[in-house]
Amino acid sequence: MKKIGLILLLLFLACSLIFAQEAKAEPFKIAFVYIGPPGDLGWTYMHDVGRKQMMDVYGDRVDVGFIESVEEGPDSARIMRQYAMQGYDAIFATSFGYMDYMHEVAMDFPDVYFEHCSGYKTADNMATYFGRIYQPRYLSGLIAGKMTKSNIIGYVAAFPIPEVVRGINAFTLGVQEVNPDAKVHVVWTNTWYDPVKEREAAIALLDQGADILAQHQDTTEPPKAAQERGKHSIGYDADMRQFVGDSVLVSPVWNWGTYYIDTVGKMLDGTWETHQFWGGLTEDAVKLSDFSPLVPQDIRDLVADKKAKIESGEWDVFNGPIYNQKGEVVVPKGQVMSDNDKLNMSFFVKGVVGRVQ
Amino acid sequence: MRIVLAKRETRSQIISTLVPIISFLVSLILGGIVLAFSKANPLDTYVYMFRGAFGNWMAFSETLVKAIPLMLTGLGVSLAFRIRFWNIGAEGQYVWGAIGTAWVMLYWQFLPVQALLPFSLLVGMTAGAIWAGIPAVMKAVWKVDETLTTLMLNYVAILFAEYLYYGPWRDPKGYGFPGSEPFPREAWLPRFLGRAHWGLFIAIIIAFILFFVLTRTKWGLEIQMIGKNPDAARCLGVNIKWGIIMVLLLSGALSGLAGGIEVAAIAHRLQKGIISGYGYTAIIIAWMSQLNPIAALFVAILMAGLLVGGDQLQMMIGLPAAMGLVIQGLLLFPLLAGTIFTEYKIRIKKTKEV
Numbered sequence: 001m002k003k004i005g006l007i008l009l010l011l012f013l014a015c016s017l018i019f020a021q022e023a024k025a026e027p028f029k030i031a032f033v034y035i036g037p038p039g040d041l042g043w044t045y046m047h048d049v050g051r052k053q054m055m056d057v058y059g060d061r062v063d064v065g066f067i068e069s070v071e072e073g074p075d076s077a078r079i080m081r082q083y084a085m086q087g088y089d090a091i092f093a094t095s096f097g098y099m100d101y102m103h104e105v106a107m108d109f110p111d112v113y114f115e116h117c118s119g120y121k122t123a124d125n126m127a128t129y130f131g132r133i134y135q136p137r138y139l140s141g142l143i144a145g146k147m148t149k150s151n152i153i154g155y156v157a158a159f160p161i162p163e164v165v166r167g168i169n170a171f172t173l174g175v176q177e178v179n180p181d182a183k184v185h186v187v188w189t190n191t192w193y194d195p196v197k198e199r200e201a202a203i204a205l206l207d208q209g210a211d212i213l214a215q216h217q218d219t220t221e222p223p224k225a226a227q228e229r230g231k232h233s234i235g236y237d238a239d240m241r242q243f244v245g246d247s248v249l250v251s252p253v254w255n256w257g258t259y260y261i262d263t264v265g266k267m268l269d270g271t272w273e274t275h276q277f278w279g280g281l282t283e284d285a286v287k288l289s290d291f292s293p294l295v296p297q298d299i300r301d302l303v304a305d306k307k308a309k310i311e312s313g314e315w316d317v318f319n320g321p322i323y324n325q326k327g328e329v330v331v332p333k334g335q336v337m338s339d340n341d342k343l344n345m346s347f348f349v350k351g352v353v354g355r356v357q
Numbered sequence: 001m002r003i004v005l006a007k008r009e010t011r012s013q014i015i016s017t018l019v020p021i022i023s024f025l026v027s028l029i030l031g032g033i034v035l036a037f038s039k040a041n042p043l044d045t046y047v048y049m050f051r052g053a054f055g056n057w058m059a060f061s062e063t064l065v066k067a068i069p070l071m072l073t074g075l076g077v078s079l080a081f082r083i084r085f086w087n088i089g090a091e092g093q094y095v096w097g098a099i100g101t102a103w104v105m106l107y108w109q110f111l112p113v114q115a116l117l118p119f120s121l122l123v124g125m126t127a128g129a130i131w132a133g134i135p136a137v138m139k140a141v142w143k144v145d146e147t148l149t150t151l152m153l154n155y156v157a158i159l160f161a162e163y164l165y166y167g168p169w170r171d172p173k174g175y176g177f178p179g180s181e182p183f184p185r186e187a188w189l190p191r192f193l194g195r196a197h198w199g200l201f202i203a204i205i206i207a208f209i210l211f212f213v214l215t216r217t218k219w220g221l222e223i224q225m226i227g228k229n230p231d232a233a234r235c236l237g238v239n240i241k242w243g244i245i246m247v248l249l250l251s252g253a254l255s256g257l258a259g260g261i262e263v264a265a266i267a268h269r270l271q272k273g274i275i276s277g278y279g280y281t282a283i284i285i286a287w288m289s290q291l292n293p294i295a296a297l298f299v300a301i302l303m304a305g306l307l308v309g310g311d312q313l314q315m316m317i318g319l320p321a322a323m324g325l326v327i328q329g330l331l332l333f334p335l336l337a338g339t340i341f342t343e344y345k346i347r348i349k350k351t352k353e354v
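Chains A and B supply the protein sequences, listed in that same order. Take the first sequence: its letter number 28 is residue 28 in my numbering, and every next letter is one higher. Take the second sequence: its letter number 25 is residue 25 in my numbering, and every next letter is one higher.
Simulated from the structure, these hints should not be mistaken for lab results. Each hint should be verified, as a subset may be incorrect.
[Claimed, not checked] Covered by chain B, according to a simulated footprint, are these stretches of chain A (three or more residues, beta-carbon under 8 Å):
| hint | region |
| --- | --- |
| 1 | 67-78 |
| 2 | 86-97 |
| 3 | 148-161 |
We put the CB at the ideal spot given by N, CA and C, even for glycine.
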């Protein structure tokens with residue numbers, strides 16, 4: 001009897017060793033859900049760059065998949081469910097409209113980590129992450145304000161939601177800081193990614209006399225349209241100068257790699273907790289790209305000076321006084337707008353021509 | 001020499017079973033060639049697609065989620081096609097169903113919560129019926145071509161829905177994102193498996209009622225007659241104008257119900273992602289089911305399986321989204337083309353020298 005017991009015990013040990021090793025060899029499976037194709041050279045492209053940086057760091061320990069061009073609607077829930085069902089351990093969704101669907105799926109799969117970019121709903125297993133792109137947007141506004149000649153700057157904008165409004169305001173504050181006569185004209189496209197619509201909106205702004213175009217869109221169409229007319233532009237998402245040319249003066253860019261490496265690391269070592277990450281220049285979540293050779297040195301120095309003040313925490317873009325379009329004080333001098341107010345921003349500052357619809 | 005298509009007088013049993021099977025094989029081969037060119041193993045891919053759609057209960061529940069609106073719009077379109085009314089406006093009727101349902105859910109909350117769901121679906125059906133009724137009246141009274149009117153009205157409906165959820169119906173607490181407020185949770189259409197919901201049973205019951213009405217009632221026979229031989233129908237005293245209008249009201253109501261159920265069970269609000277082309281896919285379902293309501297149920301599940309399984313092309317094989325759509329289209333094309341062989345004979349005629 002003892003012998004059999006011993007053999008059974010050994011067998012059990014052997015089995016558990018084998019399974020333990022198998023379990024150890026099993027990589028951590030991560031999925032990314034994208035709103036556009038990584039080839040958009042904008043928003044999704046930058047997430048994809050971050051994804052690859054993260055993969056380089058963790059190598060064989062992670063198994064990473066992605067799916068592109070997923071509509072912000074009921075279909076996105078199906079995609080996330082399928083990933084969760086197929087044994088994925090973490091799912092990243094990179095557009096605002098996925099929020100409610102991800103939240104719903106997160107409730108049904110409590111053992112899966114969910115990370116949603118740009119939303120506000122969280123759960124024990126669902127965190128949010130985003131970047132203070134308004135900081136580099138402000139800096140790019142300084143350049144646009146200095147370099148415009150017609151004092152008409154166009155802004156091709158996606159949706160009238162706080163994220164976009166905040167960007168337009170930050171950019172305009174930069175413009176007005178150096179050039180109170182310049183105005184920022186906004187056109188809404190109601191799409192994140194639509195090369196044709198973005199181009200049409202860009203052309204409409206150029207026809208109004210804009211000599212610099214800025215954008216909150218995911219493709220390089222507005223900068224291309226500006227370049228074809230011999231005008232300048234401010235890129236977005238990625239350093240669009242690489243894809244379009246030197247007419248793109250500068251681009252506020254995302255840098256997701258640092259965050260992805262950090263949060264996946266926490267998942268791997270089991271220290272992940274739900275959170276709302278909103279990183280700026282200091283946290284390396286957002287950046288200002290290199291300048292085009294067309295940007296003169298004195299403007300570069302001005303930008304570097306402001307950038308240092310933001311990074312040190314000495315000054316913030318939405319420090320008072322801030323005026324709305326009617327000229328009323330929204331944030332008095334000496335006060336700082338709270339993060340909550342920034343996240344709910346639904347008014348335009350002085351200098352913006354257009355309406356938050 | 002020329003090739004002539006001649007309509008078959010009788011459908012032979014062998015051909016109508018053989019053609020779909022052969023078309024399906026051709027589909028798989030065509031898709032396989034493209035997959036092989038994209039450096040994907042065709043056999044593995046098909047297995048992944050099948051598993052993604054039907055591999056387990058959870059996967060199948062997602063296929064059902066897609067199949068339910070396809071069933072209802074498919075039934076609606078088939079009904080109109082039976083009287084040779086080419087209703088390609090199911091998409092618009094579906095959108096109006098969603099709008100009607102959302103209207104009651106959002107603005108009629110003085111009703112008791114239990115009444116909200118049935119009443120909102122009823123209003124959705126009515127809205128869809130009216131939207132189909134417009135081209136029906138135009139056709140019945142002025143003989144306006146319905147293919148154009150139904151198609152154009154789709155755009156009107158979609159743009160009106162956009163106006164609503166970008167404008168007056170936009171959720172004030174939604175951070176400006178386009179979409180209405182969520183419906184009251186108590187009024188959601190219940191789910192029974194994953195996201196699969198009671199809409200399935202509604203669709204099945206309706207399909208059987210339709211089958212009974214079309215084959216066993218006087219009205220059903222009149223409809224058959226209007227479709228096959230309107231002159232004979234007229235001689236027998238069938239009111240054709242009234243027939244067209246009635247059939248189309250019903251057709252629109254079914255698509256409207258599809259839209260209503262989709263917002264009440266899945267989206268829980270009116271928003272842009274709900275309009276994803278079910279009304280157009282319904283046309284394919286009507287054709288492939290040869291206008292048979294019971295067959296439409298199964299074809300809808302197959303189509304939904306193709307859509308849901310198609311996700312695997314990206315998720316498992318890593319094909320780009322556009323390539324996934326190409327493969328799905330390729331798989332469908334021979335199936336549709338195949339119907340020509342069940343309806344027509346192909347003869348090669350020698351032309352006489354002139």
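We went through each hint and held it up to the structure:
no.: 1; hint: 67-78; result: holds (count 11)
no.: 2; hint: 86-97; result: holds (count 3)
no.: 3; hint: 148-161; result: holds (count 3)
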